[in-house]
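2 protein chains.
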Amino acid sequence: MELHQLEYFVAITETGSFSRAAQRCNVAQPSLSQQIIKLEHEIGQPLFDRLGRKVVLTEVGKRLLPRANVILGELQEIKGELQTEIQAGYGNLRVGFIPTIAPFVLPLVIRRFSQEFPNATLEVHEGLTEELVQKIIDADLDVGITSLPINNKKIHTEELLVEPLLVASTQKFEIASRAVIQVKELDDFPFIALSEVHCLGEQVQSFCYQQDLELNIVCHTSQLVTVHNCIALGLGVSLVPQALAISDTSGDIIYRTVSDIAPKRKIAAATHARRNQSFLACQFIEIVRSEYPSN
Amino acid sequence: MELHQLEYFVAITETGSFSRAAQRCNVAQPSLSQQIIKLEHEIGQPLFDRLGRKVVLTEVGKRLLPRANVILGELQEIKGELQTEIQAGYGNLRVGFIPTIAPFVLPLVIRRFSQEFPNATLEVHEGLTEELVQKIIDADLDVGITSLPINNKKIHTEELLVEPLLVASTQKFEIASRAVIQVKELDDFPFIALSEVHCLGEQVQSFCYQQDLELNIVCHTSQLVTVHNCIALGLGVSLVPQALAISDTSGDIIYRTVSDIAPKRKIAAATHARRNQSFLACQFIEIVRSEYPSN
DNA sequence: CCTTTGTATAGTTTATAACTATAGACTATA
DNA sequence: TATAGTCTATAGTTATAAACTATACAAAGG
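Protein chains in written order, with my numbering: chain A, 1 to 295; chain B, 1 to 295.
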């Protein structure tokens, strides 16, 4: 049984004749006759009584007709719906953020995305870069918001923005009041370090290594919020993402840029290199780009 | 879009691979790939992300899958249902009886048919032979129960039985008490004639003509029940169908067979010569044959 | 690095659905 | 009752599309 056979069948019932049905279907009449015969053979019973002047449905034909209409109607719907649903933002999107981005960006993005795509469902994960990468490769995640670099051929990255890392300190340390801060000055103060399991921690570490800084690390912590709280208590200074600075409205901590060689991290959307990006995924990435806190 | 494309599509989702799906569908893998590509072109978007080790549905694919399953499932059902519904006696049957048969046969037949085919709907018409014939030709009626002959090439007739016509009389006329009744004796008594619009009236008339009888007709009536009532009142005698005699339980009227040359009528099922007889129609005809009142 | 697994592509063959032409059956009108 | 007109079915052919084989190319795993 094939769909064009059902189309022919319905056309005959609607036109009341093989010939007229053939015209409507843009085929020759014999083609149509043969397809109906095939259909009748497959069903095992005739569908029409050919009476010359008119054709009449048999009992089997009568019972097939509404069903054929349903099938064809559904198929017609499906084609349209698939397009419109996608454009109307139906669908599911699975996204992930790394822990040093999530707190400042995730809430803003979710809010905006839910407003713009109320028909979509959004699954949000938080995990370290390598965890997100593995999920993306396994197709368990559609988009990961993380920082560069990602050295994996299976991952496609789209850079969204460059985020400066700011010196964070309380007034207790004089670095907070200097007009200009140079890289070399950072090792003059106790430093609150983020664990290298985070790419941010790793990036700060390698930045300092490149600049020949030997930091005076007084604390290693595995959460950025702990770093923040330590700074606020005056235990030391650190390099933190600008997004954290922007979202910090307490006023206890002073954030300053490094003048000469600014530490920074590149924020990117990571997707599977070989999967097609869905409409929602593209839209989501643009929302992250525009909602990401920056001055 | 064609059904085998949807079958391939579903097979891929279930096996997780083009190759395995091809095996299941008993086609070569390239054939299947090409059909999926065609389907994707028609929909305008890819359905799968081919990741090498595994294939993953795209958002469009995810939304197509349940619909494809519905379509294929429905189609599978339809094939089965068409067969079983017919065999389970679903359907509609439009039947007709002529007025000189209907009163004695129709009730019995309807009762039996309804019992045997509770899933069927039965439309019953009553009309003169020519009316039934016309409806059958127009495919407005499936089966007509009437008497032969029917001279119409478009009508197929199946003889069911030969019904004797009996002499009906009250004791008032001595014909009722004779041991043997001969044709020639009929014109000795007043005769209640049925109108020739009925084939029965016509048949009696032509029977008498052939036997060189000149009936002493005292009454022409257009309903068989009127004939019956006239006889019961002793107004005359008549030739009536055996079915009437059997159903007459009053005992007022004596029914006798004609010994030498028995008048009779052939009861037949008339159907369209070129239409296929439905299962229900065949069953109905057999029920008429077996339920028709006879000694 | 090589083998294995998997999909896509190219080229060919087969199968099927299209076509043309015409037969055969019926309707309607002269 | 002829006869033209209107159907569907059949026969034979062509064209299309779906199948196949062989192979290229990419990725994963030992």
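Read the hints as simulated data drawn from the structure, not as lab findings.
Quick caveat, the model's predicted, so the values are computed rather than measured.
Don't be surprised by glycine CBs; every beta carbon is placed ideally from N, CA and C.
Don't take every hint at face value.
As the list claims (entries may be wrong) - Partial selection, computed: residues in chain A whose CB lies under 8 Å from chain B:
1) Leu3
2) Leu39
3) Ile43
4) Ala139
As the list claims (entries may be wrong) - Only pairs whose alpha carbons sit at most 35 Å apart, straight line, appear in this in silico DSBU-like list of lysine-lysine:
5) A:Lys62 <-> B:Lys154
6) A:Lys38 <-> B:Lys184
7) B:Lys172 <-> A:Lys38
8) B:Lys38 <-> A:Lys135
9) B:Lys38 <-> A:Lys153
Non-conforming hints, listed in increasing numerical order: Going through the list in order, the structure violates hints 2, 6, 7 and respects the others.
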